[in-house]
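**Q** Make the full structure from the sequences, and use the hints.
Protein chains: 2
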Amino acid sequence: MHIGIPAEIRGGETRVAATPETVKKFTAKGFHVVLVQSGAGSGASIPDEEYQAAGATIVASAAELYGQSQIVLKVRGPEPGELSMMRKDAVLLGLLSPHQAEGIEILAHHGLTAFAMEKLPRISRAQSMDVLSSQANIAGYKAVLMAANVYQKFFPMLMTAAGTVKAARVLVLGAGVAGLQAIATAKRLGAVIEAFDVRPVAKEQVESLGAKFIEVPLSEEEKAQAETAGGYAREMSDDYKRRQGELVHQRAAAADIIITTALIPGRPAPVLIKEETVRAMKPGSVIVDMAVEAGGNCPLSELDKIVVKHGVHLVGIANLPGLVAADSSALYARNLMNFLNLMLDAKSGEFKVNREDEVISGTLVCTDGEVTGKT
Amino acid sequence: MHIGIPAEIRGGETRVAATPETVKKFTAKGFHVVLVQSGAGSGASIPDEEYQAAGATIVASAAELYGQSQIVLKVRGPEPGELSMMRKDAVLLGLLSPHQAEGIEILAHHGLTAFAMEKLPRISRAQSMDVLSSQANIAGYKAVLMAANVYQKFFPMLMTAAGTVKAARVLVLGAGVAGLQAIATAKRLGAVIEAFDVRPVAKEQVESLGAKFIEVPLSEEEKAQAETAGGYAREMSDDYKRRQGELVHQRAAAADIIITTALIPGRPAPVLIKEETVRAMKPGSVIVDMAVEAGGNCPLSELDKIVVKHGVHLVGIANLPGLVAADSSALYARNLMNFLNLMLDAKSGEFKVNREDEVISGTLVCTDGEVTGKT
Chain A
1136 MHIGIPAEIR
1146 GGETRVAATP
1156 ETVKKFTAKG
1166 FHVVLVQSGA
1176 GSGASIPDEE
1186 YQAAGATIVA
1196 SAAELYGQSQ
1206 IVLKVRGPEP
1216 GELSMMRKDA
1226 VLLGLLSPHQ
1236 AEGIEILAHH
1246 GLTAFAMEKL
1256 PRISRAQSMD
1266 VLSSQANIAG
1276 YKAVLMAANV
1286 YQKFFPMLMT
1296 AAGTVKAARV
1306 LVLGAGVAGL
1316 QAIATAKRLG
1326 AVIEAFDVRP
1336 VAKEQVESLG
1346 AKFIEVPLSE
1356 EEKAQAETAG
1366 GYAREMSDDY
1376 KRRQGELVHQ
1386 RAAAADIIIT
1396 TALIPGRPAP
1406 VLIKEETVRA
1416 MKPGSVIVDM
1426 AVEAGGNCPL
1436 SELDKIVVKH
1446 GVHLVGIANL
1456 PGLVAADSSA
1466 LYARNLMNFL
1476 NLMLDAKSGE
1486 FKVNREDEVI
1496 SGTLVCTDGE
1506 VTGKT
Chain B
1136 MHIGIPAEIR
1146 GGETRVAATP
1156 ETVKKFTAKG
1166 FHVVLVQSGA
1176 GSGASIPDEE
1186 YQAAGATIVA
1196 SAAELYGQSQ
1206 IVLKVRGPEP
1216 GELSMMRKDA
1226 VLLGLLSPHQ
1236 AEGIEILAHH
1246 GLTAFAMEKL
1256 PRISRAQSMD
1266 VLSSQANIAG
1276 YKAVLMAANV
1286 YQKFFPMLMT
1296 AAGTVKAARV
1306 LVLGAGVAGL
1316 QAIATAKRLG
1326 AVIEAFDVRP
1336 VAKEQVESLG
1346 AKFIEVPLSE
1356 EEKAQAETAG
1366 GYAREMSDDY
1376 KRRQGELVHQ
1386 RAAAADIIIT
1396 TALIPGRPAP
1406 VLIKEETVRA
1416 MKPGSVIVDM
1426 AVEAGGNCPL
1436 SELDKIVVKH
1446 GVHLVGIANL
1456 PGLVAADSSA
1466 LYARNLMNFL
1476 NLMLDAKSGE
1486 FKVNREDEVI
1496 SGTLVCTDGE
1506 VTGKT
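So the sequences go chain by chain: A and B. With the working numbering as the guide, the letters of the first sequence map in order to residues 1136 to 1510. With the working numbering as the guide, the letters of the second sequence map in order to residues 1136 to 1510.
If you are wondering where the hints come from, they were derived from the structure by calculation, not from laboratory data. Careful: at least some of the hints might be erroneous.
[What the hints assert, rightly or not] Short, incomplete list of chain A residues facing chain B, as computed with Cβ under 8 Å:
no. : residue
1   : Q1262
2   : D1265
3   : Y1276
4   : L1280
5   : M1281
6   : A1283
7   : R1304
8   : D1462
9   : N1473
10  : N1476
11  : L1477
Since this is a predicted model, take the numbers as computed values, not measurements. No residue lacks a Cβ here, since even glycine has one placed at the ideal position from N, Cα and C.
**A** Written out as structure tokens, the structure reads:
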């Protein structure tokens, strides 16, 4: 197969869907030709020469790349101009925003066989292909680094001849992959951490990282509802939200740094930090709103900006993994390779979509002109 | 006494020379009146109200502040416009750049009794007053945070379902206060660290922080010369520099991050990272040149900019403590208070310059219209 790696054109997207490491593995057996658009790795500090050394063919233009590629590995879904260059029978893997039905219909209409990596089933066998998880991990790390960089005090306690400086108090809202990595990173930096999550099961993970778990008292009924099969948080009742809001308000006022990570797939992000809470925070505090692209966990955060409101710094950078482009590309590229390998015969290199495999069928969004599965 | 805290006007200076904590201590006994210019603390997230609550009187303008202040606590030396507002008999404490003789002569000519905190003798008794040390500590922390924020990979090793990401390799050049804090911070973040210093005595401190000490083999004569009485590094022979250059070149090429901290008081900073070394580094590597204001340890770094050259990110931000304004102000203010207290009678509050005290006389740069001591 001819596997193509275009340069990403979405504003601020620095990642790339293959690295010299994955190129080398694709080309090792001689079954596949990997085409890399010149400059595709520049945002991730990967020069063309490194791709070439790994066995890739560098092509000068996107048109040339898309014209020759039977399989296209991308980070972001194609813009109209990219789609128009793609072969009608191409296979596309990437972050295709499957919750936006219209976009998927356009891909189907073009004739593509497309896999939206966001839809990958969250089962053990698919962990090595889970781009949401790998990118959330990096985002959680980066969120804390940005907070520490904006914050005008030390994260760790500092003992000096001129007296002691207190450790920062960090509050992490949502203890999924991003939240847990945020906790781990803030802990490394010496902060004192509190965290919470609507899923009571998160308590043990939070505590194992050395953070204090904050609990909103739950009714029995709420406990049963709190975790859905996929492991994602789901929306809770209004009464729970009110109690949660009060608790968050109180802990936020005591915090120096807040990292919010609460996302509900395909829905607007829940508001966890209201304006009155921001007002109650200390001057110089920092909020990193990791849900900013879905509307934000704080209504005061602004997309792709760092703003100061009521004396509090609000960091609303959406593409945090893109700011750690080399490692986020490394993990993303491995995830995509692992997924694509499910469909490439190890002996012949032949490409085949086995729709009996739930990992494959769960991720497929369109083929043969039709939208498949629920979006 | 009337002690005045003006707002700093030097570009990018966010620090302030007193905090509510030190104001409270100055005003506690009723001997002193502390005047704070409105907005003086804004860069460090300290509102006027907090100063007021601590016992300060807020004054609206710099003219009013300087007109009433017998003692002025500053971060940066006064600009001409500030000096013209100062009382002829005022006492001034701050970072007055004593190596620039002309500037000190101007202060003397105005009639000030001025203390340049850079000249504080480095003896145990004066440690709690040592602003160079407290600010270097913060600068070393911030240098690593900036490096980690610019770097496109993880600092810590990361083990994920999609494989492992390697820990960053950090090289710290110069193991003074800044270098040691840089090592400690990079270690917290999970990096693998090498460090070196021309003073063989630094080896034990470096190793105690978990970093590897890199040694340039020294002759006996060089060993004796390597440390001066003040604990600062001094200039070494050309032959030593050549051997050092080779070693640095070799270790730099293996590093992902370099933090350079080599300063020689009153002299241009030594060049440790030549252009050919930058060329030999991996794409995406980061150099933080903490000596940029003194000409730089790397000739490619640019003052107050982050630039990319030969694929390497060069961070040349001069005032790193100013980017951690709240804690750098907290420590700076304590340092100044501890020093000023040497000259304020604990029982009467009377101000007296005891020139028999080496801490006081060593720091005094002018009084009664005369420049004192060597500059």
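**Q** The structure should be examined with respect to each hint, and the outcome stated for every one.
**A** Verification of the supplied hints:
1. Q1262: With Cβ-Cβ at 4 Å, under 8 Å, it holds.
2. D1265: 6 Å, holds
3. Y1276: 6 Å, holds
4. L1280: 5 Å, holds
5. M1281: Since the shortest Cβ distance to chain B is 7 Å, the answer is holds.
6. A1283: 5 Å, holds
7. R1304: 14 Å, violated
8. D1462: 4 Å, holds
9. N1473: 7 Å, holds
10. N1476: Status violated, d = 12 Å.
11. L1477: 14 Å, violated
Hint check: violations occur at hints 7, 10, 11; the rest are consistent with the structure.
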